[in-house]
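*Asks:* Single-letter residue listing:
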Amino acid sequence: MKKILILLAALPIIGTAKGQEVRDLLQKVKVKYDMVNDYTATGKMKTNVIFIKAPVATVKVYYKRPDKLKIKNESGVSFIPKGSVNVNMNNVLGLSNYEAIPGGTEKISGTDCRVIKIFPLSDEESIARATLYIDEKQLLVMKSVISTKENGTYELLMAYKKFATYGLPDKVELTFNTKDYKLPKGITVDYDNGTSKDNADKLKNKKGKVEITYSDYQINKGVPDSVFK
Amino acid sequence: MFFTLLRIELFKIFKRPRTFIAFAAVAVIVILVQFALKINGKDFIQLYTDSQSDTFEIPYEKIQNGYFVCVAVLHLILIHVPLLVALIAGDMISGEANLGTLRLLAGKPVTRQQIILAKFFASTVYVVMLLVWMALFALLGSILLFGSEDLVIFKETDLHIIKSHDVLWRFFAAFVFAALALTTIAALALMFSTFSDNSLGPIVATVCVVIVFTIIQQLKVPVFEETVNPWSFTTHMLGWKGFFYVEKTADGETINGSIENPVALIKSSLVLMGYIFLFLLISIRYFNKKDILS
Numbered sequence: 001m002k003k004i005l006i007l008l009a010a011l012p013i014i015g016t017a018k019g020q021e022v023r024d025l026l027q028k029v030k031v032k033y034d035m036v037n038d039y040t041a042t043g044k045m046k047t048n049v050i051f052i053k054a055p056v057a058t059v060k061v062y063y064k065r066p067d068k069l070k071i072k073n074e075s076g077v078s079f080i081p082k083g084s085v086n087v088n089m090n091n092v093l094g095l096s097n098y099e100a101i102p103g104g105t106e107k108i109s110g111t112d113c114r115v116i117k118i119f120p121l122s123d124e125e126s127i128a129r130a131t132l133y134i135d136e137k138q139l140l141v142m143k144s145v146i147s148t149k150e151n152g153t154y155e156l157l158m159a160y161k162k163f164a165t166y167g168l169p170d171k172v173e174l175t176f177n178t179k180d181y182k183l184p185k186g187i188t189v190d191y192d193n194g195t196s197k198d199n200a201d202k203l204k205n206k207k208g209k210v211e212i213t214y215s216d217y218q219i220n221k222g223v224p225d226s227v228f229k
Numbered sequence: 001m002f003f004t005l006l007r008i009e010l011f012k013i014f015k016r017p018r019t020f021i022a023f024a025a026v027a028v029i030v031i032l033v034q035f036a037l038k039i040n041g042k043d044f045i046q047l048y049t050d051s052q053s054d055t056f057e058i059p060y061e062k063i064q065n066g067y068f069v070c071v072a073v074l075h076l077i078l079i080h081v082p083l084l085v086a087l088i089a090g091d092m093i094s095g096e097a098n099l100g101t102l103r104l105l106a107g108k109p110v111t112r113q114q115i116i117l118a119k120f121f122a123s124t125v126y127v128v129m130l131l132v133w134m135a136l137f138a139l140l141g142s143i144l145l146f147g148s149e150d151l152v153i154f155k156e157t158d159l160h161i162i163k164s165h166d167v168l169w170r171f172f173a174a175f176v177f178a179a180l181a182l183t184t185i186a187a188l189a190l191m192f193s194t195f196s197d198n199s200l201g202p203i204v205a206t207v208c209v210v211i212v213f214t215i216i217q218q219l220k221v222p223v224f225e226e227t228v229n230p231w232s233f234t235t236h237m238l239g240w241k242g243f244f245y246v247e248k249t250a251d252g253e254t255i256n257g258s259i260e261n262p263v264a265l266i267k268s269s270l271v272l273m274g275y276i277f278l279f280l281l282i283s284i285r286y287f288n289k290k291d292i293l294s
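So the protein lines, in turn, are chains F and X.
Okay, so the first sequence: first residue is 1 according to this note's numbering, each after it adds one.
Okay, so the second sequence: first residue is 1 according to this note's numbering, each after it adds one.
One or more hints might be untrue.
What the hints assert, rightly or not - With the Cβ distance kept under 8 Å, some of the chain X side facing chain F (calculated, not the full set):
1. T55
2. P59
3. H160
4. D251
What the hints assert, rightly or not - Computed list of lysine-lysine pairs in BS3-like fashion (alpha-carbon distance at most 30 Å, straight line):
5. X:K42 x F:K185
6. X:K62 x F:K68
7. X:K220 x F:K60
8. F:K221 x F:K161
9. X:K42 x F:K44
10. F:K60 x X:K15
11. F:K46 x X:K42
12. F:K185 x X:K62
13. X:K42 x F:K72
14. F:K179 x X:K220
15. F:K46 x X:K248
16. X:K248 x F:K171
17. X:K38 x F:K185
18. F:K207 x X:K42
19. X:K248 x F:K185
20. F:K229 x X:K62
21. X:K42 x F:K179
22. X:K12 x F:K82
23. X:K62 x F:K44
24. F:K149 x F:K107
25. F:K185 x F:K44
26. F:K182 x X:K12
Stated by the list, open to error - Cβ pair distances, simulated, as ranges:
27. X:D54 x F:T42: 26 to 32 Å
28. X:D50 x F:S147: 20 to 26 Å
29. X:P222 x F:D180: 22 to 28 Å
30. X:S258 x F:E150: 34 to 40 Å
31. X:L145 x F:I187: 22 to 28 Å
If you are wondering where the hints come from, they were derived from the structure by calculation, not from laboratory data.
Here the structure is a predicted model, which is why all the values come from computation and not from measurement.
Glycine is no exception: its CB is placed at the ideal position from the N, C-alpha and C atoms.
Based on the sequences and whatever the hints tell you, model everything.
*Replies:* Structure representation (structure tokens):
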């Protein structure tokens, strides 16, 4: 009986110790990501949303610490998901008031990752909760699932290569919730080529995916604020 | 002899001031739409993008380019152009009957079939010239005013983004198809024109037929969608839009140079050609037997 009581009394202490351990890990990852003050990257963006037919776009991605991120298609038209700001890991790593809970380990793209669930405590944060999958050896976020208060859930899958030392991915896959595509009736007067009826049922409540493959990063060379306006 | 007849018919068409009402109307409509989109283009685009503005950054300024404006102009204008075509083609035979020159024409050493064909081809030339005029104002004018960018096409079920270098040939094909569609209207108006001795009847009849079938098409009720619409020429006249619907890969990537279901476009072209042939056949048969009393 005594043993059980001691064990029960020790549980919160063990929990706190584990919480501190994941906070330490997050701090180490943040230190690594903080090496980058700003960057300009070029890449190819592929949009895979059920109701959008879009060509592969050449995009420029601008980032400035702590939370400025802009994706621009400089030679064409692209519909860029608003959740793409979450490509910037500082949105989660930069939180100061949060609760972190260990969630075990999981393999992401063949790499063993620590799963950490993060709950911001401040009401002002746009993030409701986030789950990070961290490669402990390289201190890299391999995957993140971010639930926002207003714009649904975003899932990010990162692949690192040349710029892993800065915590910058070579490829990012952003999966997000899409809303039903609706137009006022009769506004388009479409030509009926027999495909509309096949498509109609497929369009409801599907996830969208955007894939950015980076070809070049210019790190810490300065990015003017005017880019983000 | 046929070409002389055709030249005379073209001379008659372009001698009448009413012919140029259509050209003036097209120019005014195009300029008004361009002006409206220059001032309130963003509001216009928001009509289409409203459901997605929470999820995506909408590049309003880039969407509002010359190609987009031209498609918007064509979308608004091509529904009403049949009226302008009917004004000319509906007057081809009945106008002459009304003026008392039909008997004179029929007395020439040409067959009645040649008369109908010359009048039909003259109407077709008028249609083509009207479309060239439209292309000049709507396409060239819009590119000059708004510049060129990738083209975004909003359909009821999805939206298509076409690279700017893949757009011009689509406009060319769309104008050719529109010419075929409007020629169908010209043939219909000419057919009605052979039945009448005054111009108003054929013009009104043509416009009424177009309105009735357009309304039936827009009702989108199964009883008409399964029976009338697949064979209604107003359904197939919208085929010009089909050149702006693109195909995509499994990853959602637009395929350059592709058309979504080209077979449907071929079918639409054949249906329209069938109607032209049918209307011409009826016109020739009726005109061959017609007692020309005036």
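*Asks:* The structure should be examined with respect to each hint, and the outcome stated for every one.
*Replies:* Hint check:
Of the supplied interface hints, the one on T55 (chain X) holds, with its beta-carbon coming within about 6 Å of a beta-carbon of chain F, less than 8 Å. At a threshold of 8 Å, the smallest CB-CB gap from P59 (chain X) to chain F is about 6 Å, leaving the interface hint in force. Among the interface hints, the one on H160 (chain X) holds; its C-beta lies about 4 Å from the nearest C-beta in chain F, closer than the 8 Å criterion. The closest approach between the C-beta of D251 (chain X) and any C-beta of chain F is roughly 5 Å, which is under the 8 Å cut-off, so the hint is satisfied.
With a CA separation close to 20 Å, the supplied pair K42 (chain X) and K185 (chain F) stays within the 30 Å bound. A threshold of 30 Å between alpha carbons decides the hint, and for K62 (chain X) with K68 (chain F) the separation of about 23 Å falls inside it, so the pair holds. Among the hinted pairs, K220 (chain X) with K60 (chain F) is inconsistent with the structure: their alpha-carbon atoms are about 44 Å apart, more than 30 Å. Simply put, K221 (chain F) and K161 (chain F) have alpha-carbon atoms about 21 Å apart, close enough for the 30 Å limit, and the pair holds.
This hinted pair checks out: K42 (chain X) and K44 (chain F) have alpha carbons roughly 27 Å apart, not beyond 30 Å. Restraint check: the Cα-Cα separation between K60 (chain F) and K15 (chain X) comes to about 58 Å, which exceeds 30 Å; the hinted pair is violated. Taking the CA atoms of K46 (chain F) and K42 (chain X), the gap is about 25 Å. The hint holds against a cut of 30 Å. Proximity of K185 (chain F) to K62 (chain X) is assessed by CA-CA distance (about 25 Å); at most 30 Å being required, the pair is judged to hold.
With a CA separation close to 19 Å, the supplied pair K42 (chain X) and K72 (chain F) stays within the 30 Å bound. A C-alpha spacing of about 25 Å is found between K179 (chain F) and K220 (chain X), which places the hinted pair at or below 30 Å, so the restraint holds. Restraint check for K46 (chain F) and K248 (chain X): the C-alpha separation of about 12 Å stays at or below 30 Å, so the hint holds. For the hint linking K248 (chain X) to K171 (chain F), the alpha-carbon distance of about 22 Å falls within 30 Å, and the restraint holds.
With a CA separation close to 25 Å, the supplied pair K38 (chain X) and K185 (chain F) stays within the 30 Å bound. A threshold of 30 Å between alpha carbons decides the hint, and for K207 (chain F) with K42 (chain X) the separation of about 27 Å falls inside it, so the pair holds. Restraint check for K248 (chain X) and K185 (chain F): satisfied, since their Cα atoms lie roughly 25 Å apart, inside the 30 Å limit. Restraint check: the Cα-Cα separation between K229 (chain F) and K62 (chain X) comes to about 16 Å, which is no more than 30 Å; the hinted pair holds.
At most 30 Å may separate the alpha-carbon atoms for a hinted pair to count; K42 (chain X) and K179 (chain F) meet this at roughly 21 Å. Between K12 (chain X) and K82 (chain F), the direct Cα distance comes to roughly 60 Å. Violation of the 30 Å bound is thereby established for this hinted pair. For the hint linking K62 (chain X) to K44 (chain F), the alpha-carbon distance of about 19 Å falls within 30 Å, and the restraint holds. Under the criterion of a C-alpha separation no larger than 30 Å, the hint pairing K149 (chain F) with K107 (chain F) is consistent with the structure, at around 28 Å.
The straight-line distance between the Cα atoms of K185 (chain F) and K44 (chain F) is roughly 35 Å, outside the 30 Å bound, and the hint therefore fails. Annotation: proposed proximity of K182 (chain F) to K12 (chain X) is violated, straight-line Cα distance about 49 Å (limit 30 Å). Checked against the given bound of 26 to 32 Å, the beta carbons of D54 (chain X) and T42 (chain F), roughly 28 Å apart, stay inside it. A beta carbon spacing of about 25 Å between D50 (chain X) and S147 (chain F) agrees with the range 20 to 26 Å that was offered as a hint.
Checked against the hint of 22 to 28 Å, the pair P222 (chain X) and D180 (chain F) passes, with Cβ atoms roughly 23 Å apart. Between S258 (chain X) and E150 (chain F) the Cβ separation comes to about 37 Å, which falls inside the hinted range of 34 to 40 Å. Checked against the hint of 22 to 28 Å, the pair L145 (chain X) and I187 (chain F) passes, with Cβ atoms roughly 23 Å apart.
Of the numbered hints given earlier, the model fails hints 7, 10, 22, 25, 26; all others are met.
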